[in-house]
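Q: Chains A and B supply the protein sequences, listed in that same order.
So in the working numbering the end of the first sequence lands on 438, straight run, no missing numbers.
So in the working numbering the end of the second sequence lands on 253, straight run, no missing numbers.
None of these hints come from the bench; they were simulated from the model.
Warning: the hint list may mix true and false statements.
To be verified - Sample of chain A residues with no beta-carbon within 10 Å of chain B, all distances over it, derived:
| hint | residue |
| --- | --- |
| 1 | His31 |
| 2 | Ser45 |
| 3 | Pro61 |
| 4 | Tyr65 |
| 5 | Gln132 |
| 6 | Lys137 |
| 7 | Gly165 |
| 8 | Asn256 |
| 9 | Arg278 |
| 10 | Asp295 |
| 11 | Ile354 |
| 12 | Pro365 |
| 13 | Cys376 |
| 14 | Leu407 |
| 15 | His409 |
| 16 | Lys425 |
What the hints assert, rightly or not - Below 27 Å or equal to it, Euclidean Cα-Cα: the simulated DSSO-like pairs (lysine-lysine) are:
| hint | chain 1 | residue 1 | chain 2 | residue 2 |
| --- | --- | --- | --- | --- |
| 17 | A | Lys118 | A | Lys35 |
| 18 | B | Lys19 | A | Lys402 |
| 19 | B | Lys66 | B | Lys19 |
| 20 | A | Lys241 | A | Lys184 |
| 21 | B | Lys166 | A | Lys402 |
| 22 | B | Lys109 | A | Lys402 |
| 23 | A | Lys137 | A | Lys78 |
| 24 | B | Lys66 | A | Lys402 |
| 25 | A | Lys66 | A | Lys241 |
| 26 | A | Lys35 | A | Lys125 |
| 27 | B | Lys101 | A | Lys402 |
| 28 | A | Lys197 | A | Lys64 |
| 29 | B | Lys128 | B | Lys64 |
| 30 | A | Lys435 | B | Lys101 |
| 31 | A | Lys435 | B | Lys109 |
| 32 | A | Lys112 | A | Lys36 |
| 33 | A | Lys78 | A | Lys112 |
| 34 | B | Lys64 | B | Lys109 |
| 35 | B | Lys126 | A | Lys402 |
| 36 | A | Lys133 | A | Lys27 |
| 37 | B | Lys128 | A | Lys402 |
| 38 | A | Lys423 | B | Lys231 |
| 39 | B | Lys6 | B | Lys58 |
| 40 | A | Lys425 | B | Lys101 |
Note that the Cβ used here is the ideal one computed from N, Cα and C, for glycine as well.
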Amino acid sequence: MIQTNEINKWYISLFDEFERNLNGGTKSPVHQLRKKAINDFSQLSFPTNKDEEWRFTNISPLLKYKFNPALNAPFIEKEEVDRFRFNGMKCSLMVFVNGFFSEELSEIESIKDKLTIKSISTAIKENNPQIQKHFNKYADSSTQIFTALSTAYIIDGAFIHVPEGIIIEEPIHILFLSSSKDDKILSHPRNLIIAEKNSQVLIIEHYAGLDNSIYFTNAVTEISVGENAVVHHTKIQEESKSSFHIARMETVQERNSCFTSNMISLGGEITRNDFNTRFNGTGGESELNGLFLIDDQQLFDAHTLIDHASPHCNSHELYRGILDGKSRGVFNGKIIVRKDAQKTNAFQENNNIILSNEALVNTKPQLEIFADDVKCSHGATVGQLDNEALFYLKSRGIGEEKSRDILIHAFASDVVRRIKIDKIKDHIENILTEKFNN
Amino acid sequence: MLLEIKDLHASIEGKEILKGINLSVNEGEIHAIMGPNGSGKSTLAQVLAGREEYIVTKGEVFFKGKNLLTLAPEDRAREGIFLAFQYPVEIPGVSNTNMLKTAVNEIRKYRGEEEYDAMEFLQMIKSKMKLVELEQALLSRAVNEGYSGGEKKRNEIFQMAVLEPKLAILDETDSGLDIDALRIVANGVNMLKSPDNATILVTHYQRLLNYIVPDFVHVLYKGRIVKSGGKELALELEEKGYDFIKDDSGVLV
Ligand SMILES: Nc1ncnc2c1ncn2[C@@H]1O[C@H](COP(=O)(O)OP(=O)(O)OP(=O)(O)O)[C@@H](O)[C@H]1O
Ligand SMILES: [Mg+2]
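Here chain A stands alone, though its shape is the one from the complex (with noise of 0.2 Å):
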């Protein structure tokens, strides 16, 4: 058994090597966040069950591995790339592999004349102001060692940058491909998407495995959405079912903004998503939603955070679960309403589905008001497949595991029909429907 300060030791020891294989990467004024993050990873210590936002989830599978940084990205085919594209949708796209940009495989030429889009690495190098600006402004190094991890060690993602006006009305698909072999790969995809004033722009996160082997992706994307500016994001996680998976997604709202995020997973061994909007100024509209479907060992974490900072701003959070074979679910959806965030409205609202005797999940709603003329409300429920339903369905001569197809469906559906684009829903039914016909 590995000891947990001997893994920390591990990924510290990694990093002159990792500084070597820079090249001149170490003048930039990103190295020295590196720095700085790679002192602050040694300073913190990996989460235990003491911790309170780590109760429910324990991470110990995922401190029993030394993963490898990944050095280069092995070679794909495009059509491994095609199983994960969504049929039929015009879009730009980004791939990653084993979190290296894949110049080849990616198709963002036609849109280069409207916005900034490129790798971050490329971002770093050039200096980009954006990055000065922006960079690891949201997502705190100093007191959560996975994001000190991701600081410490990145080297790609995705970077975007839309100017003020733009509208940006094709989908931009970021896609992370993950293949690990025997190799224990570790990745630290880190993005940065900003959307200036009256700008607008939708972004699919995607998260993929090739085989199902075991790799560690630790990904940090950090949101800028600015006064008016509209961002749709989309996350979709089908990886290996041996894999870990440890996100943050930071989004700061100025003014009038609206930011949706749609989360669906189906998980990995650990998979735990730090999901944190704020309000930086009045007239801001959030939706949060999220689709999980687990079985087997799985673990998976929702921890949302909305911080309604500012008042006349509206939230709107639906997580759902789905569970079957030993799995264990966390949702923990955090609203803060700050003293001066009058005319809050924020609605929350978690619901989960257990198909077995043996899955599990615990729910916290945690509502923390200090402003008083404010509309607040959440609710939680764990039940079973409704058996009157069941009856009903199997009554009209529907056989018995089509009939629970059909309400598991119409259970996802809620989450899954808030997705703007018809065919990124097509890609989720598709997504749903394989795993429960098997």
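Go by the hints and put chain B with the ligands onto chain A.
A: Showing chain B with the ligands alone in chain A's frame:
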């Protein structure tokens, strides 16, 4: 004989509800089952449809000569049994059309028939909709969700029309309907009646029987059929109430 029930006993949560039902239904017949609240009418209907919560403790049921009690609920439906629920279930997120299309095709598959494509299916249900004067809008809505009481009952008859059962069991489909809705429901039932199929009407009110004329009327009381007769029995019940039944079979009171 289409349906033969012999000495059927059934319990729920350890409580015996059906205490020896005997009933035979032939093709082409309409049977009405009446009886006071809580006498076991819905229990009988649900047991025939295959509701697992009810445990059959004794007796036999044959449908088209087959042992019905060993069949799963979906196979009973595929063999031709249809239950119109006393309280139709709301199923959020599942559209009426999708449910019916799946049901029709699962039944066709079971019978070795070609599945309908979208066009054929739509054509088929259009004609059935007219039969119960169902609005188009109700089709795309979630099953029974937010329907009025009358809409729910008409939707049950609509489903029956689509599925064309051999044996339809209508559990108080007439309850709570205004006279117009009642006529629509009755009309639907009469139009679907044929020499090959049969209907069991569970009802409290002889009013329905003005529109659908039964061949037999049975009184179910405390889990047993205590009296059977022709359509005039319903009139007698309406006039005298159930007390005269109790006198008739004093031991049961
Ligand atoms: N799930 C249940 N658990 C326990 N008892 C039940 C259950 N369902 C029904 N019963 C009991 O079984 C008896 C018969 O109920 P049933 O619904 O069959 O009567 P009914 O004749 O259809 O009545 P009504 O005319 O009111 O519809 C009643 O005493 C009822 O309380
Ligand atoms: Mg009843």
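Q: Please go over all the hints and tell whether each is borne out by the structure.
A: Each hint tested on the structure:
No Cβ of chain B comes within 10 Å of the Cβ of A:His31; the nearest lies about 51 Å off, and the non-interface call holds. Once the 10 Å rule is applied to beta carbons, A:Ser45 is consistent with being away from chain B; the minimum gap is 44 Å. Taking the minimum C-beta to C-beta distance to chain B, about 35 Å, the non-interface status of A:Pro61 holds against the 10 Å cut. Residue-level check passed: A:Tyr65 sits 40 Å from the nearest beta carbon of chain B, beyond 10 Å.
In this structure A:Gln132 is separated from chain B by more than 10 Å, as the shortest Cβ-Cβ distance comes to about 47 Å. With a cut of 10 Å on Cβ distances, A:Lys137 stays outside the contact zone with chain B, its closest approach being about 41 Å. For A:Gly165, the requirement that its beta carbon stay farther than 10 Å from each beta carbon of chain B is met, with the minimum near 39 Å. In this structure A:Asn256 is separated from chain B by more than 10 Å, as the shortest Cβ-Cβ distance comes to about 33 Å.
Every beta carbon of chain B lies more than 10 Å from that of A:Arg278, the smallest distance being close to 32 Å; the non-interface claim holds. The beta carbon of A:Asp295 is kept farther than 10 Å from every beta carbon of chain B, the shortest such distance being approximately 21 Å. With a least beta-carbon separation of about 18 Å from chain B, A:Ile354 lies farther than 10 Å from that chain, consistent with its non-interface assignment. For A:Pro365, the non-interface assignment is confirmed: its Cβ lies about 22 Å from the closest Cβ of chain B, beyond the 10 Å cut-off.
Taking the minimum C-beta to C-beta distance to chain B, about 24 Å, the non-interface status of A:Cys376 holds against the 10 Å cut. Against the 10 Å criterion, A:Leu407 falls within the reach of chain B, whose nearest CB is about 7 Å from its own CB. Not every CB of chain B lies more than 10 Å from the CB of A:His409, the least distance being 7 Å, so the non-interface label is violated. Every C-beta of chain B lies more than 10 Å from that of A:Lys425, the closest at about 14 Å, which supports listing it as non-interface.
At most 27 Å may separate the alpha-carbon atoms for a hinted pair to count; A:Lys118 and A:Lys35 meet this at roughly 24 Å. A C-alpha spacing of about 34 Å is found between B:Lys19 and A:Lys402, which places the hinted pair above 27 Å, so the restraint is violated. About 22 Å separates the Cα atoms of B:Lys66 and B:Lys19, which keeps this hinted pair within 27 Å; it holds. At most 27 Å may separate the alpha-carbon atoms for a hinted pair to count; A:Lys241 and A:Lys184 meet this at roughly 14 Å.
Proximity of B:Lys166 to A:Lys402 is assessed by CA-CA distance (about 23 Å); at most 27 Å being required, the pair is judged to hold. Pair hint B:Lys109 plus A:Lys402 holds up; C-alpha atoms about 14 Å apart against a cutoff of 27 Å. Distance restraint check for A:Lys137 and A:Lys78: the Cα-Cα separation of roughly 36 Å exceeds the 27 Å cut-off, and the hinted pair is therefore not satisfied. A threshold of 27 Å between alpha carbons decides the hint, and for B:Lys66 with A:Lys402 the separation of about 25 Å falls inside it, so the pair holds.
Pair hint A:Lys66 plus A:Lys241 holds up; C-alpha atoms about 18 Å apart against a cutoff of 27 Å. A hinted pair counts as satisfied when its Cα atoms are at most 27 Å apart, and A:Lys35 with A:Lys125 qualifies at roughly 16 Å. Distance restraint check for B:Lys101 and A:Lys402: the Cα-Cα separation of roughly 13 Å lies within the 27 Å cut-off, and the hinted pair is therefore satisfied. Taken as a hint, the A:Lys197 and A:Lys64 pair is broken in the structure, with Cα atoms around 45 Å apart against an allowance of 27 Å.
The hinted pair formed by B:Lys128 and B:Lys64 meets the criterion: a straight-line CA distance of about 26 Å does not exceed 27 Å. At roughly 22 Å between alpha-carbon atoms, A:Lys435 and B:Lys101 fall within 27 Å of each other, so this suggested pair holds. Simply put, A:Lys435 and B:Lys109 have alpha-carbon atoms about 23 Å apart, close enough for the 27 Å limit, and the pair holds. For the hint linking A:Lys112 to A:Lys36, the alpha-carbon distance of about 33 Å lies beyond 27 Å, and the restraint is violated.
This hinted pair checks out: A:Lys78 and A:Lys112 have alpha carbons roughly 22 Å apart, not beyond 27 Å. With a C-alpha separation of about 19 Å, the suggested pairing of B:Lys64 with B:Lys109 holds against the 27 Å cut-off. Taking the CA atoms of B:Lys126 and A:Lys402, the gap is near 25 Å; set against the 27 Å cutoff, the hint holds. Of the supplied pair hints, the one linking A:Lys133 and A:Lys27 holds, its CA atoms being roughly 18 Å apart against a limit of 27 Å.
About 25 Å separates the Cα atoms of B:Lys128 and A:Lys402, which keeps this hinted pair within 27 Å; it holds. Distance hint between A:Lys423 and B:Lys231 is unfulfilled; the C-alpha atoms sit about 59 Å from each other, more than 27 Å. About 9 Å separates the Cα atoms of B:Lys6 and B:Lys58, which keeps this hinted pair within 27 Å; it holds. About 21 Å separates the Cα atoms of A:Lys425 and B:Lys101, which keeps this hinted pair within 27 Å; it holds.
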